[in-house]
Amino acid sequence: MSLQTTAVVFEQPGHLALSQVGLTSPGDADCVVDIEWSGISTGTERLLWTGTMPEFPGMGYPRVPGYESVGRVVSGGEASGLAAGERVFVPGSRGFSEVRGLFGGAAARVVAPAERLIPIGESLGEDGVLLALAATAHHALAVSGRLVLPELIVGHGVLGRLIARLVLALDGPAPTVWETNPARRVANTGYAVVDPSEDPRCDYRVICDVSGAHGILDSLIGRLARRGSVVLAGFYEQPVAFAFPPAFMREARLQVAAEWQPEDLQRVMSLLRSEDLSLDGLITHRASPTRAADAYRTAFEDADCLKMILDWRSCQ
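In the numbering used here, the protein residues as written are 1 to 316.
None of these hints come from the bench; they were simulated from the model.
Check before you lean on any hint, since a few could be wrong.
[Stated by the list, open to error] Using C-beta positions, here's what the derived DEER-type ranges look like:
| id | residue 1 | residue 2 | range |
| --- | --- | --- | --- |
| 1 | A83 | E301 | 37 to 47 Å |
| 2 | G85 | D199 | 46 to 56 Å |
| 3 | R226 | A293 | 23 to 33 Å |
| 4 | Q238 | E11 | 44 to 54 Å |
| 5 | D203 | G60 | 24 to 34 Å |
| 6 | V256 | E11 | 37 to 47 Å |
| 7 | G145 | R297 | 31 to 41 Å |
| 8 | Q12 | R253 | 54 to 64 Å |
| 9 | Q261 | P119 | 32 to 42 Å |
| 10 | A84 | Q238 | 41 to 51 Å |
| 11 | E115 | E301 | 28 to 38 Å |
| 12 | S288 | V256 | 34 to 44 Å |
| 13 | E198 | R253 | 19 to 29 Å |
Just so you know, even glycine gets a beta-carbon here, dropped at the ideal spot from N, CA and C.
Construct the complete structure from the given sequences, taking the supplied hints into account.
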């Protein structure tokens, strides 16, 4: 078995290569997985691409990006509990010998601890790359320790759509979604998608913002009911600030939703199995890893691209 693989490597901000990189030797609790598809994140990976990601342990370049991958187990150690041929969701890998792998899912083959791999069966196929986003969406609803369903969602990209779908799957009232891009104000979603200027309502009890726009809080606080909450579920590159008096008058509450937890993914998997939640129609663009540079530019710059995935099956 080769200890080399083909991977997308961010050599430095703004510079990408498709390179041969070394894999670490798998241990008894590890699995070797051949990746079928990997998703491109327009949040975290955009920050890595631009070099604006805040410093976290393990950050730096060169690195393999990606934490939204689906693949098949090639082999598993004696303590892995997984068998060859199983399809799994791979939330990234650190198993590279020459490059950083804090994320590490955008590669033809990875080595990862079996405890991080989620068996997903055959039915999801490429849509399985959306599981991390779906779990992130669920975490935004449960950040207070209990489910709190938003009445207003700001942003109708993939994350905003998943939050709206989850609200409906959990039997909540249909939310309103704000979207400034007319191309993303699609119909037949089961909920209203409107331009913010067309929404007169100022009594929302829970607003979930996935826009990542650092200057948006004042407008959202102005739409809250008394003691209403704003959940910040995007990632904000610049300091987030707001005027205190309107927040004071409403006794506004602010919450920050961070990384999804195992229980979020378990709940999402349950909703998918019951068919109360669907991931259909969210992947809009696909590319070969040989076109990775173009694929990342499209994912980051094309507003018509909801979700770009790389198809690694030709690289096995």
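Evaluation of the provided hints:
1. A83 / E301: 37 to 47 Å: Roughly 41 Å apart at Cβ, these two residues keep to the hinted range, so it holds.
2. G85 / D199: 46 to 56 Å: holds, 50 Å
3. R226 / A293: 23 to 33 Å: For A293 against R226, whose Cβ atoms are near 50 Å apart, the range 23 to 33 Å is violated.
4. Q238 / E11: 44 to 54 Å: violated, 26 Å
5. D203 / G60: 24 to 34 Å: violated, 47 Å
6. V256 / E11: 37 to 47 Å: Between V256 and E11, where Cβ atoms are some 32 Å apart, the hint is violated.
7. G145 / R297: 31 to 41 Å: This hint holds: roughly 40 Å between Cβ atoms.
8. Q12 / R253: 54 to 64 Å: At roughly 40 Å between Cβ atoms, R253 and Q12 fall outside 54 to 64 Å, so the hint is violated.
9. Q261 / P119: 32 to 42 Å: violated, 18 Å
10. A84 / Q238: 41 to 51 Å: The hint (41 to 51 Å, Cβ to Cβ) holds, given that A84 and Q238 are roughly 47 Å apart.
11. E115 / E301: 28 to 38 Å: At roughly 36 Å between Cβ atoms, E301 and E115 fall inside 28 to 38 Å, so the hint holds.
12. S288 / V256: 34 to 44 Å: 37 Å Cβ-Cβ, so the 34 to 44 Å window holds.
13. E198 / R253: 19 to 29 Å: At roughly 26 Å between Cβ atoms, R253 and E198 fall inside 19 to 29 Å, so the hint holds.
When the structure is compared with the earlier hints, violations turn up for hints 3, 4, 5, 6, 8, 9 and for no others.
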